[in-house]
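S.K.: Take a look at the letters that make up each chain.
Protein chains: 2
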Amino acid sequence: MSGSKCTRLTGALVKPVLDSVDSVLFDCDGVIWRGDQAIPGASQVINLLKESGKKVFFVTNNSTKTRKMYVEKMTTMGLNATEEEVFGTAYCSAMYLKNECKLEGKKVYLIGSNAMKDELQAVGIQQTGVGADHISGKQVDWANVDLDPEVKAVVVGFDEHFSYMKLNRALQYLIRQGCLFVGTNRDTRLPLEGGKAVPGTGCLLQAVETAAQRQAQTVGKPNRYMFDCVASQFGLDPSRCLMVGDRLDTDIMLGSNCGLKTLLTLTGVSTVADTEAHQKSGCTERQGMVPDYYVESIADLLPALQG
Amino acid sequence: MSGSKCTRLTGALVKPVLDSVDSVLFDCDGVIWRGDQAIPGASQVINLLKESGKKVFFVTNNSTKTRKMYVEKMTTMGLNATEEEVFGTAYCSAMYLKNECKLEGKKVYLIGSNAMKDELQAVGIQQTGVGADHISGKQVDWANVDLDPEVKAVVVGFDEHFSYMKLNRALQYLIRQGCLFVGTNRDTRLPLEGGKAVPGTGCLLQAVETAAQRQAQTVGKPNRYMFDCVASQFGLDPSRCLMVGDRLDTDIMLGSNCGLKTLLTLTGVSTVADTEAHQKSGCTERQGMVPDYYVESIADLLPALQG
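Sequence lines, in order, name chains W and G. With our numbering, the residue at position 239 of the first sequence is 278, and numbering never jumps. With our numbering, the residue at position 220 of the second sequence is 259, and numbering never jumps.
Same shape as in the complex, but just chain W:
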């Protein structure tokens, strides 16, 4: 590889990079854990970063857990985190709907999880839609399905109860005058252990967008709102932040979009070969998916932190 991008971060290179930042933002799945197992060394890396005075944040596109649920999961795995440090798309979408869409005290139609419902409620936004919604009646009646007149926005996150009727209900809301349209993220698949995967929120969002013939505003990585949400609460200087992730198209792209230093870790989805393909593409957008540095695992940061 040519140029200064995508340097392997190892040996004497690690300390100056860590010294150059005040805050480290970690993606979660594939970075500090996989499934229900912490990545070996993740606990010490997090603790040593905090002991050295750095702020640590956990930034995930997964919308199925509240901040509280993430802290419980991390505690079970021996990872040290507080609710204030966790920025999942359930929480960030609630913040977006409250602060950017001014929907406090209002109601949304939610294709999503109970966790999203809880985070919305916590900022004073009511929802309708969580849970099963099976088809009933005849086709001619579907366009006249009951709608809640108070609904001001359609919000799409991960929803295992996604159904034709939910898709239809979203369409009927979205063709009403002034209805906002927000998605948590566009990840096409949720990777599971052993190279397996299940459909991600991006599939559901794409179905709703196709029906509505309009694009949703998304909150999650690589959209900069995700970083802005952290930065505004903690007064972060982007140039003094390191974004650590396993996906080039979300994590590294977010870092590039926001002017952060970027570090790819190879314990998840993306590979060095993926990075090289982006570098060689000559495409400006794809250059944003080339990280500054990469490590085999975040455990590679340990020697410099312990030294």
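Keep in mind the hints are simulated off the structure, nothing from the lab. Quantities reported herein were computed from a predicted structural model and do not represent experimental measurements. Warning: the hint list may mix true and false statements.
Copies of one chain are not kept apart here, so a pair can be met inside one copy or by any two copies together.
As the list claims (entries may be wrong) - With a cut-off of at most 35 Å between alpha-carbon atoms, the simulated DSBU-like pairs for lysine-lysine come out as follows:
#1 K94 x K235
#2 K137 x K300
#3 K145 x K319
#4 K107 x K177
#5 K145 x K177
#6 K177 x K94
#7 K146 x K177
#8 K137 x K319
#9 K141 x K235
#10 K191 x K177
#11 K191 x K89
#12 K107 x K141
#13 K177 x K235
Got chain W; can you put chain G on it based on the hints?
M.R.: This is chain G only, laid out in the frame that chain W set:
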């Protein structure tokens, strides 16, 4: 408008156009009926075309009815049709899977209707998948959902029972080596009376394509298979066929793709303004959506047929 395209077909212009063709292919909804009501004059137009020795066909992207069901619906509305004249995507997909994919005696995973199941069975193709399929178990188990080892293709048509679990099951089949992927059509909405609409098969197909990260082969308009299916059975000469439809992006595009004469009727989705926008675009693909002729209603053909 300039050029010879999109001429209003009226008065003395009608007879020479009808004389120049041996076969007339009608789209159905928005052309010869709307909802459960025949378009006024449609019955006479069909009868007079047949009496004058022309072949008449009914070509629809709607996959929710068998040929038999279409004939029953048309008979109820006083429209004269035989099963051999009806080419819906339930039937055409079955023909495609049998003749092009060589799946006779094999099995497919079907996201679709009982009508599709029946048309598949009629050509010796078994299916699994029709009906409700709600979510169960934990996320970690979804990637290990029971799959039928005999399934050779995933087929996506209109399915009011579409669900996250169906989407997931389709993904798990599609990541298997050699699994074919066929969609009935890409219509994004099904138009209903009063300007209302519900989500179309295109939304479901887009969700599955996004999860699978691959494109389906589609059978319906504007793909030429739909015309080839009719033409191969009846030995049609494309230059002696007239395609009559209400949608520029499916009906008229099919006609352009296959070298047919094309007639837009304004009793359905598309307008003359839509046509003019395509004409003015300077985009080659969009020129294919400009019809040769248009009428307010197919009843405008009556005087020439009666004369």
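S.K.: Against this structure, judge whether each hint is valid.
M.R.: Against the structure, the hints come out as follows:
no.	hint	in the structure
1	K94 x K235	within (33 Å within a copy, 52 Å between copies)
2	K137 x K300	within (29 Å within a copy, 55 Å between copies)
3	K145 x K319	neither (48 Å within a copy, 44 Å between copies)
4	K107 x K177	between (42 Å within a copy, 20 Å between copies)
5	K145 x K177	both (31 Å within a copy, 32 Å between copies)
6	K177 x K94	between (56 Å within a copy, 34 Å between copies)
7	K146 x K177	both (28 Å within a copy, 29 Å between copies)
8	K137 x K319	neither (41 Å within a copy, 43 Å between copies)
9	K141 x K235	between (39 Å within a copy, 30 Å between copies)
10	K191 x K177	both (27 Å within a copy, 32 Å between copies)
11	K191 x K89	neither (41 Å within a copy, 53 Å between copies)
12	K107 x K141	within (24 Å within a copy, 54 Å between copies)
13	K177 x K235	between (37 Å within a copy, 14 Å between copies)
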